[in-house]
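Can you make the complete structure from the sequences, with help from the hints?
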Amino acid sequence: MSIIVVGLNHKSAPVEVREKLAFNPNSINTALSQFSQKYQDKNAEIVILSTCNRVELYISSQDGAIKVEDVFSFLADFHKIEPNTFSPYMYHYNDDRAVNHLFFVTSSLDSMVLGESQILSQVKEAYTTAAMEEATGKILNHLFQQALNAAKIVHTRTSIGKRKVSISSVAVEFAEKIFQDFTGKIVLVVGAGEMCELLLKHLYEEGARTFIVANRTYERAEELANEYHGQAIKYELLGEYLEKADIVISSTSAPHYVIHANQVKEAIRHRRGNPMFLIDIAVPRDIEPEVANIDNVYLYNIDDLQSVVSQNIDERNREVEKCRVLIEEEVEHFMAKLEEMKIEPAITHLRNHFHTIGKEELERLKPKLKNLDNEDWEQVVYTMERAINKLLHHPAKVAKQEAKNGGGYRYVETIKKLFGIFHHTDHSQH
Amino acid sequence: MIQMSHIPFIITIILYFISSVWSIGYIVKPGVFDKKVAKWTMMMGFFIHSGFIVFLGLESGNIPITNVYESFVSLLWCILFVYINLDYLYKLPSLDTFLLPVVTALSIWALTFDGGNLLITVSLQNFWLIAHIIPIFVGYAAFTISFSLSIMYLTQQRQLKHKLFGSLFNKLPSLEGIDKMMWKTISFGFPLLTLGLVFGTFWVKTQNVLGEMWYLDYKVILGLATWLIYAALLHMRLIASFHGTKIACLTIAGFFLVLFTFIGTFFMGSKHAFQKVSEQTHTEVLNVQ
Chain A
1 MSIIVVGLNH
11 KSAPVEVREK
21 LAFNPNSINT
31 ALSQFSQKYQ
41 DKNAEIVILS
51 TCNRVELYIS
61 SQDGAIKVED
71 VFSFLADFHK
81 IEPNTFSPYM
91 YHYNDDRAVN
101 HLFFVTSSLD
111 SMVLGESQIL
121 SQVKEAYTTA
131 AMEEATGKIL
141 NHLFQQALNA
151 AKIVHTRTSI
161 GKRKVSISSV
171 AVEFAEKIFQ
181 DFTGKIVLVV
191 GAGEMCELLL
201 KHLYEEGART
211 FIVANRTYER
221 AEELANEYHG
231 QAIKYELLGE
241 YLEKADIVIS
251 STSAPHYVIH
261 ANQVKEAIRH
271 RRGNPMFLID
281 IAVPRDIEPE
291 VANIDNVYLY
301 NIDDLQSVVS
311 QNIDERNREV
321 EKCRVLIEEE
331 VEHFMAKLEE
341 MKIEPAITHL
351 RNHFHTIGKE
361 ELERLKPKLK
371 NLDNEDWEQV
381 VYTMERAINK
391 LLHHPAKVAK
401 QEAKNGGGYR
411 YVETIKKLFG
421 IFHHTDHSQH
Chain B
1001 MIQMSHIPFI
1011 ITIILYFISS
1021 VWSIGYIVKP
1031 GVFDKKVAKW
1041 TMMMGFFIHS
1051 GFIVFLGLES
1061 GNIPITNVYE
1071 SFVSLLWCIL
1081 FVYINLDYLY
1091 KLPSLDTFLL
1101 PVVTALSIWA
1111 LTFDGGNLLI
1121 TVSLQNFWLI
1131 AHIIPIFVGY
1141 AAFTISFSLS
1151 IMYLTQQRQL
1161 KHKLFGSLFN
1171 KLPSLEGIDK
1181 MMWKTISFGF
1191 PLLTLGLVFG
1201 TFWVKTQNVL
1211 GEMWYLDYKV
1221 ILGLATWLIY
1231 AALLHMRLIA
1241 SFHGTKIACL
1251 TIAGFFLVLF
1261 TFIGTFFMGS
1271 KHAFQKVSEQ
1281 THTEVLNVQ
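Heads up: the protein sequence lines correspond to chains A and B, in order.
Every letter in the first sequence is one number past the one before it in my numbering, and letter 59, counting from 1, is 59.
Here my numbering = 1-based position in the second sequence + 1000.
Treat the hints as calculated values from the structure; they're not laboratory data.
Ideal Cβ placement from N, Cα and C applies to all residues, glycine included.
Lysine-lysine pairs mimicking DSS-like chemistry, simulated, CA-CA at most 30 Å apart:
1) B:Lys-1171 x A:Lys-164
2) B:Lys-1171 x A:Lys-162
3) A:Lys-162 x B:Lys-1180
4) A:Lys-244 x B:Lys-1161
5) B:Lys-1184 x B:Lys-1039
6) B:Lys-1035 x A:Lys-162
7) A:Lys-164 x B:Lys-1161
8) B:Lys-1161 x A:Lys-162
9) A:Lys-390 x A:Lys-400
10) A:Lys-152 x B:Lys-1091
Derived coverage of chain A by chain B (criterion: at least 3 residues anywhere in the stretch with Cβ under 8 Å from a Cβ of chain B; other residues may be distant):
11) 169 to 183
12) 272 to 282
13) 298 to 309
Shown next, in the form of structure tokens:
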């Protein structure tokens, strides 16, 4: 039993290479079943993780029978491309390093945005797909369950995923420090660009429902407003609607200020001190900076938000070392369990071997004890089985225990040698 | 001189102090200071405080307001009592950080009145007195909490304005949330203050406690001013729906007026039913049935 991972990610390969190797939900199933069939005789197990940032194949096979080259040629055949077009960008790890890599990936320490939580569900999905396709077995089942578990431990015991690291989520976090909730709050969107839409989506997810959209091109405003059941207004009416807005998001491409201090002053007077939150994500800025000096008005520009994002990213980076230690512990646990799993088939054969001998001896004995009735004979059989189980109990326990500390195969070899067991599946080790 | 019998209150102050340190520490260094310590020392302090109030009551056979010190201790008890109930009902994160230091400071101040010679000169076995004092004390307690909330509001709004996103920023609730709580505590305290003042007026009118010119008593005048400032606050909030910084500042002003009405008037010469009398006369007064 050996585990390898072969793959590429956003660090090792450009998107042109990644897209060639990417699997879509349908092709994953086909690939899984093709691979499993091809290497059925090698007890192959496989999970394919394919996201926009990475394509990775986790494979377990008997005695490490499946080599990196086999995986390369499988990928080349499947995607109908030359192996040398992607092989220089691929990395591969064996056994504990492969396990370490998976735990790292699942805990989102290998992600483009450190600590993001999406990868966890992607790994979960990759595993479920493989399990449904019956492409996984004892080893990978255990490996992926442990990986998900390790990720959970890392996320709860460190603050790797706690601070927000995108402009829109930071902006929403600030809005939450001004308003208790967003129901009934009016969001005024000035400009209908991508960034505005992203913020709008975020606010919608957090409960905001009333949106007013103003844009130079009215049609685009209408389009965005319809999407979120909001109201589109003429750009010229912006000033009139300002006092209604609790939250203002501005991101136009105008070369001058769109919202002026005196307008906001007037608005806040009408609002009787009800706070206003203004987010200016435009460059050049849309909102006159003096607005920030008005009482009960909170103005944030792109730099304010960006600086918080960078601080939070630094904070996450500082947590990496802590995560690494936690992961190493988890890898160790898994490897110990793997060693224990390696020895299990050998113990099963040993047990079968003893019971077979016992049975043979009983059959030899039976004709000699003719006057024994059925009940007494059953007692004899029972005693024999009990004696064998008792004899084997201790060595099996100790072997498993010792195997946990590594080198499980040595015990397998010893058992085979001592008891002369030879079976086609028991020489499972190197 | 601090009397032996006041040791329980000193222990209470120490516990409130520890609670204050821990509740502030929890915000500055959450790894070192455990929030639970802040909570349990406060609860223990409150428990001893309650016991002390009962002791004072049993000792004199009256509600414990027979001198300025006792009144102060009782008012502090009311503040904690109202806070614990509000916290149970509304879960107010980090309010203890802003309230407990105020309570601790007031408690230490209360201690300086210990052994003062201003003693009550009216019978305490009087329905009107109780009807006057209790609603006012609970009302004052609510105003003290609204004061802490205002400080909290101004702190959070300063952090939002100056873009200070530290641990304090993360631990404090939203401005809107604080504003709502401020409004709740004021609208809880105001009717009680009104009730207390009305009963007080009845009392002076019917039993001539403060003499003919009762309306010139400083405490009466300031009491009315306090009532007016909170009435103005409620009006601004209810009718004109004012929010934000102005309301918070006005609430702070209201609290200082409360404090001045409660304690400051004694320094101005107003006795408001407390007199420099001999122990013997005092005992006689208390024993009037």
